[in-house]
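Protein chains in written order, with my numbering: chain G, 9 to 108; chain Z, 258 to 448; chain F, 2 to 371.
Read the hints as simulated data drawn from the structure, not as lab findings.
Hints are not guaranteed to be accurate.
What the hints assert, rightly or not - Below 27 angstroms or equal to it, Euclidean Cα-Cα: the simulated DSSO-like pairs (lysine-lysine) are:
1. Z:K309 <-> Z:K431
2. Z:K431 <-> F:K83
3. F:K166 <-> F:K97
4. F:K204 <-> F:K371
5. F:K87 <-> F:K166
6. F:K97 <-> F:K87
7. Z:K341 <-> F:K97
8. Z:K341 <-> F:K166
9. Z:K431 <-> F:K166
10. Z:K341 <-> Z:K431
11. F:K204 <-> Z:K309
12. Z:K309 <-> F:K29
13. F:K97 <-> F:K83
14. Z:K432 <-> F:K204
15. F:K29 <-> F:K204
16. F:K83 <-> F:K214
17. F:K214 <-> F:K204
18. Z:K432 <-> F:K348
What the hints assert, rightly or not - If you want the footprint, here are the derived chain G segments under chain Z, 3+ residues with CB under 8 angstroms:
19. 18-32
20. 35-45
21. 62-72
22. 86-95
Think of the CB as a built atom: it goes at the ideal place given N, C-alpha and C, for glycine as much as any other residue.
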Amino acid sequence: MIPVENYFLLASFVFLCGLSGVMFRRNLIMVLMSIELMLNAVNIVFVAASRQLAQVDGQIMVLFVITVAACEAAVGLAMVIALFRRYGTVNTEFLRLLRG
Amino acid sequence: MEVFYFVPEVLFYILSGLILLSSVMVVSARNPVTSAIFLVLDLFFVAALYAKLDAHFTAAIQVLVYAGAIVVLFVFVIMLLNLKPEALRGVRFSVGEAAVLLITLVGFAIIGSELARTAPEAVIPGNLGAGAIELAGGNTFVVAMRMFTSYLWPFEMASILILLAIVACVMVAKKDKVLGAAHHFRGGSPE
Amino acid sequence: MGTNFGIDLTSLLQWNQFTVDLVSFVVKFAILAGGLLQIPPVMVWVERRVPALMQRRRGPNRVGLFKWRLYGLLQSLADTIKLIFKEEVVPDGAHKVFYHLAPVFCVFPAFLIACAIPYGPDLNIFGYTIPLSVVRVDVGFLFIFAISSLAVYGVSLAGWASNNKYSLMGSLRASAQMISYEIPLGMSLLPIVLIYGTLDLGKIVEAQSSFFKWGAFTAPFSLLIFVICMFAETNRAPFDLAEGESELVAGFHTEYNSAKFAAFFLGEYVSMFVLSALASTVFFGGWQVPFVPYESLVAMLGSPNIAAIVGVLMLLLKSMFFMWLYIWVRWTLPRFRYDQLMSLGWKFMLPIGLANVVGTAVVLAVLRFK
Numbered sequence: 009m010i011p012v013e014n015y016f017l018l019a020s021f022v023f024l025c026g027l028s029g030v031m032f033r034r035n036l037i038m039v040l041m042s043i044e045l046m047l048n049a050v051n052i053v054f055v056a057a058s059r060q061l062a063q064v065d066g067q068i069m070v071l072f073v074i075t076v077a078a079c080e081a082a083v084g085l086a087m088v089i090a091l092f093r094r095y096g097t098v099n100t101e102f103l104r105l106l107r108g
Numbered sequence: 258m259e260v261f262y263f264v265p266e267v268l269f270y271i272l273s274g275l276i277l278l279s280s281v282m283v284v285s286a287r288n289p290v291t292s293a294i295f296l297v298l299d300l301f302f303v304a305a306l307y308a309k310l311d312a313h314f315t316a317a318i319q320v321l322v323y324a325g326a327i328v329v330l331f332v333f334v335i336m337l338l339n340l341k342p343e344a345l346r347g348v349r350f351s352v353g354e355a356a357v358l359l360i361t362l363v364g365f366a367i368i369g370s371e372l373a374r375t376a377p378e379a380v381i382p383g384n385l386g387a388g389a390i391e392l393a394g395g396n397t398f399v400v401a402m403r404m405f406t407s408y409l410w411p412f413e414m415a416s417i418l419i420l421l422a423i424v425a426c427v428m429v430a431k432k433d434k435v436l437g438a439a440h441h442f443r444g445g446s447p448e
Numbered sequence: 002m003g004t005n006f007g008i009d010l011t012s013l014l015q016w017n018q019f020t021v022d023l024v025s026f027v028v029k030f031a032i033l034a035g036g037l038l039q040i041p042p043v044m045v046w047v048e049r050r051v052p053a054l055m056q057r058r059r060g061p062n063r064v065g066l067f068k069w070r071l072y073g074l075l076q077s078l079a080d081t082i083k084l085i086f087k088e089e090v091v092p093d094g095a096h097k098v099f100y101h102l103a104p105v106f107c108v109f110p111a112f113l114i115a116c117a118i119p120y121g122p123d124l125n126i127f128g129y130t131i132p133l134s135v136v137r138v139d140v141g142f143l144f145i146f147a148i149s150s151l152a153v154y155g156v157s158l159a160g161w162a163s164n165n166k167y168s169l170m171g172s173l174r175a176s177a178q179m180i181s182y183e184i185p186l187g188m189s190l191l192p193i194v195l196i197y198g199t200l201d202l203g204k205i206v207e208a209q210s211s212f213f214k215w216g217a218f219t220a221p222f223s224l225l226i227f228v229i230c231m232f233a234e235t236n237r238a239p240f241d242l243a244e245g246e247s248e249l250v251a252g253f254h255t256e257y258n259s260a261k262f263a264a265f266f267l268g269e270y271v272s273m274f275v276l277s278a279l280a281s282t283v284f285f286g287g288w289q290v291p292f293v294p295y296e297s298l299v300a301m302l303g304s305p306n307i308a309a310i311v312g313v314l315m316l317l318l319k320s321m322f323f324m325w326l327y328i329w330v331r332w333t334l335p336r337f338r339y340d341q342l343m344s345l346g347w348k349f350m351l352p353i354g355l356a357n358v359v360g361t362a363v364v365l366a367v368l369r370f371k
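Generate coordinates for the entire structure from the input sequences, incorporating the hints supplied.
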């Protein structure tokens, strides 16, 4: 049997990739894709834990996480389209009106 | 999926290697479309991992919804906005950023392993091991039974959430009739 | 079942259930891939001769062997040879990887879906039962829809990587059409799941044992919606605006020639066949012979292996009916305009699909409440 820590380690590496994508990419759509990667890492943890603890509640949680990720991606992309129409760019270095 | 009787351990290592490779390529590809296709690959391999963990329904839903709808949405928006490849910054991380990354990595690894090993009292394990799921009628049946009994309210709330998201998307992305005629470039040159 | 990795390697050298499964997996996949590859040439010939007869003309009937005309059957061979020997022209600004990768995304999902369809009852060779589907997936439907939703990438990548604005427009329209019609397609199969109580395709075929238990009779609206969405999914028949010859040049595959063009057509015909096979499996009883349940078939024929062969032939026959329906509808109905197509999908198919699910659920609740 694969010890469940291996799955958690894999999930944390994927989460780290997503986190570094959010921090270092300047394209807003790349940031959104990295957020999806992070949510995916969380899903891996849920499924592995549900197998480890002999329940299916983890898999149900995964369904809800996928639903929320879909909604958030859709709304985020709608905002990206609106931003592009207004400012002509999706580069995060130029979209900095709220920056202190 | 009952293709083989014994699912070798090495499959986990192969799949996790592929997943890691795809994740790194997602984040480090210059062209957004390349990044999206690597995301599709990543989600596909993660679905294979779920199938190995006997979560067949979740694996199918992952490919169907995540890889087959969400990332398609990303690809559409990228193609509609005609985004060009961006030049990556050099590999000159500032000290603060590198420290954050390293601490996060080590922290996750430690916390994750410790939790997995030493906190069984926090959650009460259930009685639906792999064999019991087969006897009870299959993975989909068990998930459905649990979802529609214990988790019915969150299920209905999720459908209301999707409705809200649809309305929000339509309102946000609608062309504003007043300002839509002229596209002003404010805040810097377009990419 | 499960992760029993304590297997010793010497057991791989003798015939036990594991090695029989392994070898039969490889053999089944090889036979399936080879068989699926034979379908496009046949379909190309059918697609030219049958509409010709419908339109009171002859169609290509010259290409033959030596001095026999052979009804133009070798026309497909001639077309294939011509396509292979054409010069491949890659457009100047095309993306180097995705231009060549896009046909793969169109072809590969169709072959993968074909693995999950049960082609016949179980074979019984030397005491080992060999199921006649390449993989047996317990979430059969969801697997099929999941993989077929990957075909959208082939279309959008092909148009985008060609560096041609007409290709891009065509591919965006085609992929928007495909994802719009995926929803009613899946929703039309929900009543089938409700009625037969399982997602496994093998069990659904076994549950259609008598003629009036076929899906076409228990869920007739599902059949109608599924057939219409089937045409839209494969960009065929009245919904072929994306690749219509007189519309956007050739749509998303404008810049493709020779072997990759053949690959797109291969993918299209194979996915037509696969969806036809799925429709036959779910609505027309799959490999079941009408009015003859499986046990009496075995009793008539003597051995379950011959019954399996008969089952495979029955499924092929029913799929051929749907393929003929594809061609019949294509050459009969005019093409939809794009906005008509999209409003049909969202404003008509989706509510009717929902009403179908709710109605079936209500009827089943009433019938099973006793």
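Evaluated hints:
1. Z:K309 <-> Z:K431: Distance of about 43 angstroms is beyond 27 angstroms: violated.
2. Z:K431 <-> F:K83: 49 angstroms, violated
3. F:K166 <-> F:K97: 17 angstroms, holds
4. F:K204 <-> F:K371: 25 angstroms, holds
5. F:K87 <-> F:K166: 24 angstroms, holds
6. F:K97 <-> F:K87: 20 angstroms, holds
7. Z:K341 <-> F:K97: Holds. Z:K341 to F:K97 sits at ~15 angstroms (cutoff 27 angstroms).
8. Z:K341 <-> F:K166: 15 angstroms, holds
9. Z:K431 <-> F:K166: 24 angstroms, holds
10. Z:K341 <-> Z:K431: At roughly 24 angstroms apart (the allowed maximum being 27 angstroms), Z:K431 and Z:K341 satisfy the hint.
11. F:K204 <-> Z:K309: Between F:K204 and Z:K309 the Cα gap is close to 23 angstroms, so the pair holds against 27 angstroms.
12. Z:K309 <-> F:K29: 23 angstroms, holds
13. F:K97 <-> F:K83: 25 angstroms, holds
14. Z:K432 <-> F:K204: 49 angstroms, violated
15. F:K29 <-> F:K204: 20 angstroms, holds
16. F:K83 <-> F:K214: Since the Cα atoms of F:K83 and F:K214 sit roughly 48 angstroms apart, the hinted pair is violated (cutoff 27 angstroms).
17. F:K214 <-> F:K204: Between F:K214 and F:K204 the Cα gap is close to 13 angstroms, so the pair holds against 27 angstroms.
18. Z:K432 <-> F:K348: Holds. Z:K432 to F:K348 sits at ~21 angstroms (cutoff 27 angstroms).
19. 18-32: Since three or more residues must qualify, the claim that chain Z covers the stretch 18-32 of chain G holds, with 14 doing so at under 8 angstroms.
20. 35-45: With 8 residues closer than 8 angstroms to chain Z, the stretch 35-45 of chain G meets the three-residue bar; holds.
21. 62-72: holds (count 9)
22. 86-95: holds (count 9)
Hint compliance for this structure: hints 1, 2, 14 and 16 are broken, all remaining hints hold.
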